[in-house]
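Novice: If you read the sequences in order, they're chains F and S.
Heads up, the numbering used here is the position in the first sequence plus 2, with the first residue counted as 1.
Heads up, the numbering used here is the position in the second sequence plus 18, with the first residue counted as 1.
These are computed hints drawn from the structure, not numbers from a lab.
Do not rely on the hints blindly, as some may be mistaken.
Incomplete in silico selection of chain S near chain F, CB under 7 Å [stated by the list, open to error]: (1) P49; (2) F51; (3) K199; (4) R202; (5) G209; (6) P211; (7) S213; (8) M216; (9) S217; (10) G218; (11) K227; (12) V277.
Even glycine gets a Cβ: it sits at the ideal position worked out from N, Cα and C.
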Amino acid sequence: MTEMIKIESLSKNFPGVQVLKRVTFSLEKGKIYGLVGENGAGKSTLVKILMGIHQSDGGEIYIGGEKARIKEPSQARYTYKMDTVFQEHALIPQLSVAENIFLDKLNEFYKKGLIDQGRLQNEAKRALREVGLDIDVALPASEFSEDEKSLIELAKALSRRPEILILDEMTAPLESSVVNDVFEVMRNLKKKGKTLIFISHRLEEVFKVCDEIIVLRDGNLEGIILNDSQEDPLSIRKTVIGMMTGTERGLSFPEKTGLKSKGEVALSLRNVRSKWLKNVSLEVRQGEIVALAGLRGQGQSRLLRTIAGLLPEEDGDIQILGESPKIKSPTDAIENGIFYISDKRDDEELWLTHDVWLNISVASITDRTQFGFIRRSEDKEAVERMVSRLRIETPSLAQIVRNLSGGNRQKVVLGKYLLARPKVLLVDQPTMGLDVGAKAEIYHLLRGLSDEGIPTLAVLTDLEEVVNLPDRLLVMREGEIVKEFSQEVMDEAELLDSYYG
Amino acid sequence: MANDRLKKIVFDWYIYIVLVAFWIVSCTVSPFFRTMSTFSIIFVSAVPIALVGLGQTFVVLSRGFDLSVGVVASLATAIASVTMHWGIGPSIGLILLVSCAIGVINGLGVSKLKIDSFIMTLGMMFFLNGVTLLIRPSPGGFIPVNFKRALLYQVGEFPLIPVLILLLAAIVGILVLQKRKLGREIYAVGGDPESAKMSGVDVDRTRIKVFVVSAVSSACAGLFVSARIGSGNAEVGAPYLFDSFTAVFMGGTLVTGGVGGYKGTIASALIIASIGHILQFLGITIWYHFIVKGLLLAGVAGLQLFFVRRERT
Chain F
3 MTEMIKIESL
13 SKNFPGVQVL
23 KRVTFSLEKG
33 KIYGLVGENG
43 AGKSTLVKIL
53 MGIHQSDGGE
63 IYIGGEKARI
73 KEPSQARYTY
83 KMDTVFQEHA
93 LIPQLSVAEN
103 IFLDKLNEFY
113 KKGLIDQGRL
123 QNEAKRALRE
133 VGLDIDVALP
143 ASEFSEDEKS
153 LIELAKALSR
163 RPEILILDEM
173 TAPLESSVVN
183 DVFEVMRNLK
193 KKGKTLIFIS
203 HRLEEVFKVC
213 DEIIVLRDGN
223 LEGIILNDSQ
233 EDPLSIRKTV
243 IGMMTGTERG
253 LSFPEKTGLK
263 SKGEVALSLR
273 NVRSKWLKNV
283 SLEVRQGEIV
293 ALAGLRGQGQ
303 SRLLRTIAGL
313 LPEEDGDIQI
323 LGESPKIKSP
333 TDAIENGIFY
343 ISDKRDDEEL
353 WLTHDVWLNI
363 SVASITDRTQ
373 FGFIRRSEDK
383 EAVERMVSRL
393 RIETPSLAQI
403 VRNLSGGNRQ
413 KVVLGKYLLA
423 RPKVLLVDQP
433 TMGLDVGAKA
443 EIYHLLRGLS
453 DEGIPTLAVL
463 TDLEEVVNLP
473 DRLLVMREGE
483 IVKEFSQEVM
493 DEAELLDSYY
503 G
Chain S
19 MANDRLKKIV
29 FDWYIYIVLV
39 AFWIVSCTVS
49 PFFRTMSTFS
59 IIFVSAVPIA
69 LVGLGQTFVV
79 LSRGFDLSVG
89 VVASLATAIA
99 SVTMHWGIGP
109 SIGLILLVSC
119 AIGVINGLGV
129 SKLKIDSFIM
139 TLGMMFFLNG
149 VTLLIRPSPG
159 GFIPVNFKRA
169 LLYQVGEFPL
179 IPVLILLLAA
189 IVGILVLQKR
199 KLGREIYAVG
209 GDPESAKMSG
219 VDVDRTRIKV
229 FVVSAVSSAC
239 AGLFVSARIG
249 SGNAEVGAPY
259 LFDSFTAVFM
269 GGTLVTGGVG
279 GYKGTIASAL
289 IIASIGHILQ
299 FLGITIWYHF
309 IVKGLLLAGV
319 AGLQLFFVRR
329 ERT
């Protein structure tokens, strides 16, 4: 049992917040550690300090028994043999895969002063073999899928032979089969005596692969739990979630009330076809939450985007409350009460550098104008109403949205569209990247809205959500709806079967 | 499959196809165009455009702008015209040193002080314009005949040295960008500066190097111009600023950085020089040159973006 990393009363302040409060723990060689906590608990900050991207305000880091002063990523990588695979890809889209893998040491491949592409590509192939990927390394990184990019990232980190490897939400965008490949790689590294830190929002993954689980909450170390296979997994899970949230609650879902209510048909699709969709027909009734499920990229998001006028529809009929409006653009969709909420929340839904007021008010601002001027007090009142109705935690309407947590950001997005009085919400992965507490709040909000007559058609990927949130479930495969499930009859095995066909 | 390959070839060599088509049409239409002396003039006038374009390509690829390329060329002619009487070597040495310093200052401002490159080089442009006018308030000065003869050396009507300079610029530009660490890092920085940093690229140092390349290649353009006009002139470099951007963007390098290369820039430099020559030959006043260049830039770049967009959807 040799100690690899020791962290001693590490602290970090950002303007107005202390994100790490005297955190102390030590990690041994040949073990996989899970690092969990809700958003804002300090996980990412801790990783960034270890990688030399941020500097700590107090405390010490010891690596291999020696005091480490890590000022920049290259130092973390080459002096302390520590590497991180981040969720946001650090691949340069225009450069080839091989160049990406060895980007910071291309000069080691010089032959007569020029980069020897042959050798570079051979080395890159060898590096990719370690993660079980066989691709054309001369192609630019942009040509590859998210799954492949993640594995390329992993290969890039492994090629530097790290003693300590941190996986920061790396598995978040991955298919479960690829996640298993990643676990295989992790277990192999563990056997070779490396230290691994695994960060994931999907707790099942953490329980599956980690030896010990470090729990952070509000910048404090809450504890380190031994993930002993002898123990009851449910009780470990409960303990960890309890420590993460500070309460004993797990993920709670609202009651499925949709099928009982039998409301009017809010959205109906008849044989909708496009480049990516084959004869899609479906109905969403008021009071319902309907989910589109399936493997990633089977046309779920594209279906939502087509209904919302963001992608062209070739044929078929879309009805809103019995009428068939012409929807050729997002503007048409919005005028007809169809609102699409993108899964790329920060890029496509929010003005991150502007305040809560503007972000909520913007979509429906023309409702509160007179002679082209905004009626300020009415606008403010409307926004305040949304903030309190959705319980958005913000010190004031003037708070910059960037400073809000993920859950509150998503509520701001919902608030923006609710003010515009939607007839149906199309939501793409509404809880992506949110912590347990925020997820539950979003579920209850969506359920509350559907009870009030604003139904939701949502793309869901997380199995727990797929099973527990919607009243009805439509499984898509290759642009087609292949199976429907309605509430209680759900059998997880049958569901997964339908994914693969 | 064959169709796809053809499409790719057309896409990759698009600007060369435009260049050759342009030459063929001009040669067919006008007997005067079909002469060696025409091509000689085109190659000679393309040299400074290709040189300022070289630096500008590096800067734009790294997601920046360099508005000081024209004035650096002017400054080089001014310094040459007052120092060449010491000897050609020391004068060239001084000019390269000064341009290096300018590049480093631009680069430091952009990387360390985080001043937007547009603003930083705009400031540099005004500053150097003043300095150049102080050195050379009116055109004139001394440029040795040897220097002029050497840079413009012709074999018969074939402009040997100017063509060699073009080839050298092409080889250096393409090899450095495609086959050297610096080049690949420039694409990385331009493609995604955050990712480049995470991957261990020294983004600041890359930015500084890019501006040094730009200033030095602009100074070389200035040296060539001083040989051509046989004097120093504080205003002579100004049009090369527009030409550098026209060559870079017409050549397919994207304003957003990370995409493109010098291959397109140098062909565009030849197109710009050819058009300039034709218009001059037809006796059309200089003002129309700007109008034609403006239309050309928008037209060619627009057409190319149209193709790119079609490729992507």
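Novice: Would you settle whether the hint for K199 (chain S) is holds or violated, based on the nearest Cβ-Cβ distance to chain F being less than 7 Å?
Specialist: Interface hint status for K199 (chain S): holds (4 Å vs cutoff 7 Å).
Novice: Going by Cβ atoms only, is G209 (chain S) closer than 7 Å to chain F?
Specialist: holds, 4 Å
Novice: Let's test the interface hint: is any C-beta of chain F closer than 7 Å to that of K227 (chain S)?
Specialist: At about 14 Å, which exceeds the 7 Å cut-off, the nearest Cβ of chain F leaves the hint on K227 (chain S) violated.
Novice: Is the hint on F51 (chain S) kept, meaning its closest Cβ partner in chain F is under 7 Å away?
Specialist: violated, 38 Å
Novice: Is the interface hint satisfied for V277 (chain S)? The criterion is a beta-carbon contact with chain F at less than 7 Å.
Specialist: This interface hint holds because 6 Å falls under the 7 Å limit.
Novice: Given a cut of 7 Å on the nearest C-beta pair, is the interface hint for G218 (chain S) held or broken against chain F?
Specialist: holds, 3 Å
Novice: Taking 7 Å as the limit, does the beta-carbon of P49 (chain S) come near enough to a beta-carbon in chain F?
Specialist: Violated, about 44 Å.
Novice: Could you check if S213 (chain S) really has its C-beta closer than 7 Å to a C-beta on chain F?
Specialist: holds, 4 Å
Novice: Can we keep the P211 (chain S) interface hint, with Cβ of chain F closer than 7 Å?
Specialist: violated, 10 Å
Novice: Taking the closest Cβ pair, is S217 (chain S) under 7 Å from chain F?
Specialist: holds, 5 Å
Novice: Should the interface hint for M216 (chain S) be scored as holding, given a Cβ-Cβ cut-off of 7 Å against chain F?
Specialist: holds, 4 Å
Novice: Using the nearest Cβ pair, does R202 (chain S) come within less than 7 Å of chain F?
Specialist: Holds, because the Cβ-Cβ distance from R202 (chain S) to chain F comes to roughly 5 Å (cut-off 7 Å).
Hint compliance for this structure: hints 1, 2, 6 and 11 are broken, all remaining hints hold.
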